[in-house]
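Read off the chains here:
Number of protein chains: 4
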Amino acid sequence: MALKIALIGAGRIGKVHASAVMTAIPNATIVAVADYHLSSAQALADAYGIALATDRHLDAIHADGVDAVIIASSTDTHAPFIIDAAKANKHIFCEKPIAAQLDKIDAALAAVAEAGVQLQIGFNRRFDPTFARIKQAINEGAIGTPHLLHIISRDPAPPPVEYVKVSGGLFFDMTIHDFDMARFLFGEVEEIYASGGVLVNPAIGEAGDIDTAMVTLKFANGALGVIDNSRQAVYGYDQRVEAFGNGGSAGNVNLYPDAVTISNATRVERGSLPLNFFLERYMDSYRNELTAFVDAVQNGTPVPVNGNDGRVPVVMAMAAKKSLDENRPVRLSEIN
Amino acid sequence: MALKIALIGAGRIGKVHASAVMTAIPNATIVAVADYHLSSAQALADAYGIALATDRHLDAIHADGVDAVIIASSTDTHAPFIIDAAKANKHIFCEKPIAAQLDKIDAALAAVAEAGVQLQIGFNRRFDPTFARIKQAINEGAIGTPHLLHIISRDPAPPPVEYVKVSGGLFFDMTIHDFDMARFLFGEVEEIYASGGVLVNPAIGEAGDIDTAMVTLKFANGALGVIDNSRQAVYGYDQRVEAFGNGGSAGNVNLYPDAVTISNATRVERGSLPLNFFLERYMDSYRNELTAFVDAVQNGTPVPVNGNDGRVPVVMAMAAKKSLDENRPVRLSEIN
Amino acid sequence: MALKIALIGAGRIGKVHASAVMTAIPNATIVAVADYHLSSAQALADAYGIALATDRHLDAIHADGVDAVIIASSTDTHAPFIIDAAKANKHIFCEKPIAAQLDKIDAALAAVAEAGVQLQIGFNRRFDPTFARIKQAINEGAIGTPHLLHIISRDPAPPPVEYVKVSGGLFFDMTIHDFDMARFLFGEVEEIYASGGVLVNPAIGEAGDIDTAMVTLKFANGALGVIDNSRQAVYGYDQRVEAFGNGGSAGNVNLYPDAVTISNATRVERGSLPLNFFLERYMDSYRNELTAFVDAVQNGTPVPVNGNDGRVPVVMAMAAKKSLDENRPVRLSEIN
Amino acid sequence: MALKIALIGAGRIGKVHASAVMTAIPNATIVAVADYHLSSAQALADAYGIALATDRHLDAIHADGVDAVIIASSTDTHAPFIIDAAKANKHIFCEKPIAAQLDKIDAALAAVAEAGVQLQIGFNRRFDPTFARIKQAINEGAIGTPHLLHIISRDPAPPPVEYVKVSGGLFFDMTIHDFDMARFLFGEVEEIYASGGVLVNPAIGEAGDIDTAMVTLKFANGALGVIDNSRQAVYGYDQRVEAFGNGGSAGNVNLYPDAVTISNATRVERGSLPLNFFLERYMDSYRNELTAFVDAVQNGTPVPVNGNDGRVPVVMAMAAKKSLDENRPVRLSEIN
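Protein chains in written order, with this note's numbering: chain A, 1 to 336; chain B, 337 to 672; chain C, 673 to 1008; chain D, 1009 to 1344.
Simulated from the structure, these hints should not be mistaken for laboratory data.
Small disclaimer: the values here were computed from a predicted structure and weren't measured.
Don't take each hint at face value.
If you want the ones that stay clear, here's a sample from chain A, every Cβ over 10 Å from chain B, calculated [claimed, not checked]:
id	residue
1	K4
2	I13
3	S19
4	Q42
5	A63
6	G65
7	N139
8	N252
9	D258
10	G271
Lysine-lysine pairs mimicking DSSO-like chemistry, simulated, CA-CA at most 27 Å apart [as the list claims (entries may be wrong)]:
id	chain 1	residue 1	chain 2	residue 2
11	B	K351	A	K15
12	B	K658	B	K423
13	B	K658	C	K994
Between beta-carbon pairs, the in silico distance windows are [to be verified]:
id	chain 1	residue 1	chain 2	residue 2	range
14	A	Q298	B	N672	25 to 35 Å
15	D	Y1044	C	D748	29 to 39 Å
16	D	G1308	A	R267	31 to 41 Å
17	C	Q808	A	P202	49 to 59 Å
18	C	G894	B	N557	32 to 42 Å
Every residue gets a Cβ at the ideal spot worked out from N, C-alpha and C, and that includes glycine.
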């Protein structure tokens, strides 16, 4: 029988999840949708024939027969809504980050533990076919023992400065995905050294943030890593990884909208720039992560990205921030 | 207002079209589905909340408010169903080929002309982002005046011999897509020389067909082309084009499920083989061709692949067959 | 002991051979150089410290201790000089083609046979690391049984019309390399169908030649091939092969002067165009073919490209010309 | 008139330089060769017809008509031989590093300054066509203002532990090339943070060195960089750079011995592994750096890699070592 899901949040990412569940995941269906703006909830409900639209998240959580909740509302609601859903004994899929403060995260995780429900965090990039293939290569021993990891993660264009002011900054809104990717591929990190600068837009610096960073990671297994971030890659969304070990390496190039090359008397060029928009670049990953969540819940197996996987990247972002502020390597144990 | 569509045929390709219309084309909806097997029609209707399921194609065509018909039933029904739909004054999207005989094609086209409806033929590859990009490059003058065209079109594995016996053979069931691609990119062909062999499976030869071909094309504009076909490319679905002119060239590589490269002490290899299944390789194109059809019908503009575009590749297949049989170049004017 | 060589012809290709022998082949040395222009011979002799410079080819052939002769003079002298060298009992390396007429070729081959010396023909592309790797892949069974062969061979710019008038035309001066490549990779050809046009330069047509061709090959083993020629590829020297069989394929991309990609807000492009000049593109092959010749002579093993390998491509060019003239497939047995 | 050169050192790299000068640089010639082992000097002199072979470097420096000296002897002799050559008023090309100690470097540079001769240091990678193309792209503004630099520099296999013991360690014998590359591409570095480990071979750790490193660079212009080193890349010599700025990026892939791809039912792979040996990978660069040196000396223009360019990478290696030892970022001003 199809898993019955309540969706909280009918904004951009909520729509992505709704489309995934309703058109691509046969063993799940959305039965209720809540949004602070009722009209948004109603529009999404109409589009997919969802029975209940509401502006009260608890009504959605407690709608008839609901097995699981997808939390896709604004970041500050993640932790309280996790707690509400856990108390209602629902399995939970929650967008990252759980919260920006460890105590809020820990409270949410405690509620989940007490309820004995499953919690999956929306680190979607793990489910991207390209990065999943690199992970598989590592697991299969294709690179041997991991030695070095490169993560290049550059956005096509900087967000509005207003966003930067509330997001927690580059390490919390952008690098956090890369911290997760680092753990996903090479395991736990023990120490971080972050360098950064304001090279893209001075207004970002005035807002107290950086827009360019190079973050060194020391892994528990002795491997070394680096994350290279920029708020602006003019040629498109630059998302690459290279994992290197004593047996070889696995890495990827960017994805393009076509597979064309054009040659003329002046140049040989690609038919297009790399995919520019994160929803295009990572569309498959959103469907895949929900498929994995639904399957885990239905089979009673552990979800692939759990609460701790949501917590540690926040710790890493804190360590990176401290490292940048103090210009010294910072151990994660200093944060926890 | 959304275009109301009757879908005839609820098999593999009918399902693809239903999914495209119901999940990705907001300005169209399917209101009736017909299939020779009523249970197939009913299942598809249930999946998408389609009001009418029937085993009688005329019931679907004449269902309330139907504006257009998608014909995705077996090949021998294409021409009569086109005539039925035209008589009912519905716009028509029909899978290729219209028919294997020119008189049947001409009768269907005459009915369409008399009714004044639009008819689009399902040469989906024109709407593949990669081949569309090559077409755009040619249109923009990126290669200058066309000189040479290569079309590589190899299936991952041969069809059952039973299929070969009824399909009309390689030129009619496989190369026909490439004949359309040749016209799409370089314009009309005047003469064809076909060579072929039975290199993949002797049973195909015993069934009177070939499984490997090299077909030379002489275009009206003086350009030359070649189509290279095989029923079996063990590494995957091999679909490539290279257009060359006095100003340059535009070509493509195959598409892969990931963008990964793995290196070890023995080799440097791709993370995966090329996409193997035509529905994966061309999924976007099915959605795009229907989007174009719906838009053309709603805007009253010409459809991008019309009845003549459905007829000429059949003529080309006939010329290729004659050329192969007689081992000499054959002009299309010999066929018409 | 180093093989002692007399070099006949101190023009462009003669200089290439001199450089290869004198700087890269330790077990050979040039002891005499002849050129119709004594000053050219003398200049080359001075550059490498060669003892004898002469304007009489026989003096070079008969210089003290000469073991072998490299013939790099104008095409019309190849056959007579082969005969002179054979009569002097010298092993011979001769640039292609031996001659444009079969009777002259046969006379030269008869002289070689009678003398019992070795004759290697300068089909240098067999020794290019890229094409040699494709040959190796075929030999190792990497593609299984050969089915289809594509040879793309396009010059960066057309030669002077004066050259076209005396060269014998495109099939004899350009495609002849591709005929050799076809035999090298897939074995003997039985039938040829050639189509061609004058698309690059009308003056080439007025001189009685074509500048663009698409040549279909039927191999004795049942495989099919196509050679695609143009006198003008504005982006550089376009030299590619794809060999396809029931076990896979082996093919190459063009070579570039650097391995750089540059991305900006408008495009992603290669750092340079492909190598443009045949001496750059094939430099390694000239050294490798002479190394192979010297080794074969010193070891008494058969040379890798013998007299018959020099004869057959001329037959193929004749068949292609006849096919073009008569617009029908021509069997090689019609020529021989 | 050709520049007359004395070559000191007839070992592996001395032979490379001799070959470059004698076969590829027409406006220079070697007139004397010295080596501690006279037989080595004599063998090289014989191979190229060099008049003088000696085991006394001063005899070579003072040989008749010598304009310039190439120092390719062991590292500990570089500084004293530079001083000897400068005192003799000869222009100097010297292999890197000048010395492992700053006082020795400074003494050598002072001698050069006093004599008013030119000194070029053998950072050959600047002259590699691929890295030179990236530099050109930066100079032309193709990437805009530099923001981030990645240098991947991995040897195919670790050197003997005995070498590590005397080389000064990874930062001095290997990363030093990358420090030069960083300055070449992005300008001066102000601060370095180095992390490292012994992941390849424990014996290297026992010898007091590391075999794996990730080195963060802060440039004076605000850009950030990272150098990724490993003593062992099993797939070959891994030499890549990516320069990223506000206008785009320029980077390279590795170089291969052929341009072939092979596909079968299991995989799609390159025809070969990347070039494995530094002399193969960088052969062109050795010729190009000497060509530039000879041209600069003959034209009286500044050499492209001067004494200061030889000194600063040693300072950077010292800073990296200090950073690794103290696990903190180290400013170059702490060293100087």
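Quick rundown of the hints versus the structure:
Listed as a non-interface residue, K4/A keeps its Cβ farther than 10 Å from every Cβ of chain B; the least gap is roughly 18 Å. Every C-beta of chain B lies more than 10 Å from that of I13/A, the closest at about 18 Å, which supports listing it as non-interface. Non-interface call for S19/A relative to chain B: violated, since the shortest CB-CB distance, roughly 7 Å, does not exceed 10 Å. Its beta-carbon lying about 17 Å from the closest one in chain B, Q42/A satisfies the requirement of being farther than 10 Å from that chain.
Listed as outside the interface, A63/A is consistent with that label: its C-beta sits roughly 20 Å from the nearest C-beta of chain B, beyond the 10 Å cut-off. Listed as a non-interface residue, G65/A keeps its Cβ farther than 10 Å from every Cβ of chain B; the least gap is roughly 20 Å. A cut-off of 10 Å between C-beta atoms confirms that N139/A is not in contact with chain B; the least separation is 13 Å. Consistency note on N252/A: stated as away from chain B, yet its beta-carbon is not over 10 Å from all of that chain's, at 5 Å minimum.
Residue placement check: D258/A does not keep its beta carbon more than 10 Å from all beta carbons of chain B (closest about 4 Å). For G271/A, the non-interface assignment is contradicted: its Cβ lies about 4 Å from the closest Cβ of chain B, within the 10 Å cut-off. A threshold of 27 Å between alpha carbons decides the hint, and for K351/B with K15/A the separation of about 24 Å falls inside it, so the pair holds. With a C-alpha separation of about 35 Å, the suggested pair K658/B and K423/B falls outside the 27 Å cut-off, and the hint is violated.
Note on K658/B and K994/C: the hinted pairing holds, with a Cα-Cα distance of about 22 Å set against a maximum of 27 Å. In this structure the supplied range 25 to 35 Å is violated for Q298/A paired with N672/B, their Cβ-Cβ distance being about 59 Å. A beta carbon spacing of about 56 Å between Y1044/D and D748/C contradicts the range 29 to 39 Å that was offered as a hint. Against the hinted window of 31 to 41 Å, the Cβ-Cβ separation of G1308/D and R267/A comes to about 37 Å, which satisfies the hint.
The hinted window of 49 to 59 Å between Q808/C and P202/A holds, with their beta carbons roughly 58 Å apart. G894/C and N557/B have their C-beta atoms about 33 Å apart, which keeps the hinted 32 to 42 Å range intact.
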